[in-house]
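Next come the chains, spelled out residue by residue.
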Amino acid sequence: MTEKTLKISAQLERKLAWHRGQSVRHVVCELEAPKMVREENEQEARINLALVLDTSGSMHGEPLQTAKQTALAIAELLSEEDVLTVVTFDSFTEVVLQKVTMSDEGKDLARRQISGIQTRGMTNLSGGWFEGAKQLSEVMEEDQDYVHHLILLSDGRANEGLLDVDKLCEHVSEMRELGMSTSCVGFSDNYEMKWLEKMAEAGGGRLHDAEHPQEIAEVLMGELGEVRQTVLEDVRVVIQGAEGVRVDLLERYGTMSKHNGLEVILGSLISEAKRMLVFVVTLPSGEIGSKIPLVIHAEYKSAGGEQVRLTEEISLGIELARGADNDQQQRNLELARLIAEHWKTQILHHCMQLNRDRAYREATEYAQRQYYFLTRFCQGVAGTETILREIGFVAERVSNAINERSRKNIQLRMRKDSLNEMEHRSEKRDFSLMQELRFDLPPRINRRGSQPPATGG
Amino acid sequence: MTERTYSMSELVQLTGFDARTIRYYISQGLLPKPLKRGRGADYSEIHLDRLKLISVLKGNLKLDEIQARLNVASPEEIRQLLETWVEPKGKSSARNYLDSVQEDFEPSSMKMENLNIPTFVRRKKDIAGVSSLSQKDKFKEKFVAESLPLSSKEAGESYLPKSLKMDQSLRDESLLNPMNKLISKLDNSEHPNFESSYRRARTWKVIQITPGIELHLKDPDDLTLARMERAGELIRNILTGVDDD
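If you read the sequences in order, they're chains A and B.
Letter 231 of the first sequence, counting from 1, is numbered 231 in this note's numbering, and no numbers are missing.
Letter 130 of the second sequence, counting from 1, is numbered 1130 in this note's numbering, and no numbers are missing.
Think of the hints as simulated: they come from the structure by calculation, not from any bench.
From the three backbone atoms N, C-alpha and C, an ideal C-beta is built for every residue, glycine too.
A few of these clues could be false.
[As the list claims (entries may be wrong)] Lysine-lysine pairs mimicking DSBU-like chemistry, simulated, CA-CA at most 30 Å apart:
| hint | chain 1 | residue 1 | chain 2 | residue 2 |
| --- | --- | --- | --- | --- |
| 1 | A | K291 | B | K1033 |
| 2 | A | K258 | A | K15 |
| 3 | A | K134 | B | K1052 |
[As the list claims (entries may be wrong)] Away from chain B, derived, C-beta distances all over 10 Å, residues of chain A:
| hint | residue |
| --- | --- |
| 4 | Q22 |
| 5 | H171 |
| 6 | G244 |
| 7 | V308 |
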């Protein structure tokens, strides 16, 4: 069996902090999954896959046809060692294909069953997820030696079944702990991004977006490819500091608070995947010259394995210093630029969320405040001019409604940039924030009379 | 016979806690000091059992509350409770978990119908083994109710699991100690018509105004729904300042 170990490294952007406390320092932690290497006798990880498809009325026509064709293509791609379940949900849930091994006979059955799927009724999204999870759990009970994965595709907003997304995500998260991951695919402009994003975060999976029917095939096949390439599962990074240290994260991963620290849940990693985390550490006061320790390590399982493995512990120390020494310290400028990039994605994602909730004033104030902090952070850091210009532009633009598609494209791109996830849609690989917003309505004059921030550059 | 000892990394793997947390628990007195100090420190079954117990209880109780309970429980009692009540993390965990939460996913109309079943019928069903309490909850209740002396304030406010406070009449009362039974009765007398107000409703429509503010409409007809959506729009405009001039 090939040893699959996770590489971890961490660096501080600045090593000194003001001794009076409340200094904020950034720790950049990088992870690299091993390459998937199969030895001669080693078999490919078997997949226990549930496809959960929205068949509510809005999927009628081309979207459903494409989803069905893609489900059939996935069935063809699975090997006879793999197990496929297909569940549809509208007002009711229906198990179209129940835990079928993808032998030749299984594929015949899949073709017959999937072809008969039709649209009807409302959107009981939670019911669909639950039924898919239930089918997977039955295979889990019989045989643990699979990668258990659920892919949910929806084009709408849940309006039946469990309507509390946080409650649903508790269950999704619990199932992730028990070995089943969940990824989501949002289709068209109308899907509820907040729901699918939260579910993917809680499920340790990925969120994909398909604007056009043909993109459903691209993202579903891409997701299947990622599941096949999974080398590590249930990856978590834990950072802990001394008493009084507070740690936050810039990226949109699920987190759990720890005493003086944070646990970040990254979920599954595919072969050679790289992830970068930026921890924002707020420090307590202390003696000049004393060091505040930070310890970071990661925990993970090999794909299909049960044993929890630990990486080495990385110890960092932030030294408390006088104000003048703190101000004059050297910065790691390359790290500072990377941090600014991640900070930007966080700001833009949050702005789009507020804009979607029609909290325009809050969105503007948030963007202006963050622009101010980011400008201070970026002083003397080359290559951050574009970042500031983009935030400045968004701070002006976010006070008005942004159309659903542009907003989703921006949020998705920020998410994928921040989490280093793959973009499976061929048309969306070239992304420009300015272009996304350019075709939208021009910014209105600010009614409150407050000046939007001047754009940097 | 010598008891098995564990290294720190073994404890981490067996319990899911990281090393720093375990050291913190030792410093806070939740766990005894290691058998041997220094880099090759050894830990005993007592450490392992206590950590497993902490992992079950920490979702419901604060650390100092857990500590208070652990301090009066003997290692044998802790072992016994773990053997009896903690779910084995095995092949059937995922399925058991989904079975225990199935109620959350039932269509709302079906849930409302269930509420129309007379209380005594539901209680009978519960006693017959249809209780919605998961194994973990049962364990927490047992640990709470049986093993430890409680003051009435603790038992009532912080120690009684939420599920127990919400749905007293449905629980098997043999799980409760006399103090908790009294609290259970008091809770019920404060809310004599707890279910009656929404028993009649079959569907609820939710209109989200802004994050954190929602309108809930019971059985709305189309006209009411349209009017309330309009009202929601106006409230949203007021709250988000669209109408300020």
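Tested hints:
Between K291/A and K1033/B the CA atoms are separated by roughly 26 Å; this keeps the pair inside 30 Å, and the hint holds. Distance restraint check for K258/A and K15/A: the Cα-Cα separation of roughly 23 Å lies within the 30 Å cut-off, and the hinted pair is therefore satisfied. Taking the CA atoms of K134/A and K1052/B, the gap is about 27 Å. The hint holds against a cut of 30 Å. Distance check on Q22/A: its Cβ is at least 23 Å (rounded) from any Cβ of chain B, clearing the 10 Å threshold; non-interface status holds.
With a closest Cβ-Cβ approach of about 6 Å to chain B, H171/A is found to fall inside the 10 Å limit, against its non-interface label. Annotated as non-interface, G244/A keeps its C-beta farther than 10 Å from every C-beta of chain B; the closest such distance is 14 Å. A cut-off of 10 Å between C-beta atoms contradicts the statement that V308/A is not in contact with chain B; the least separation is 5 Å.
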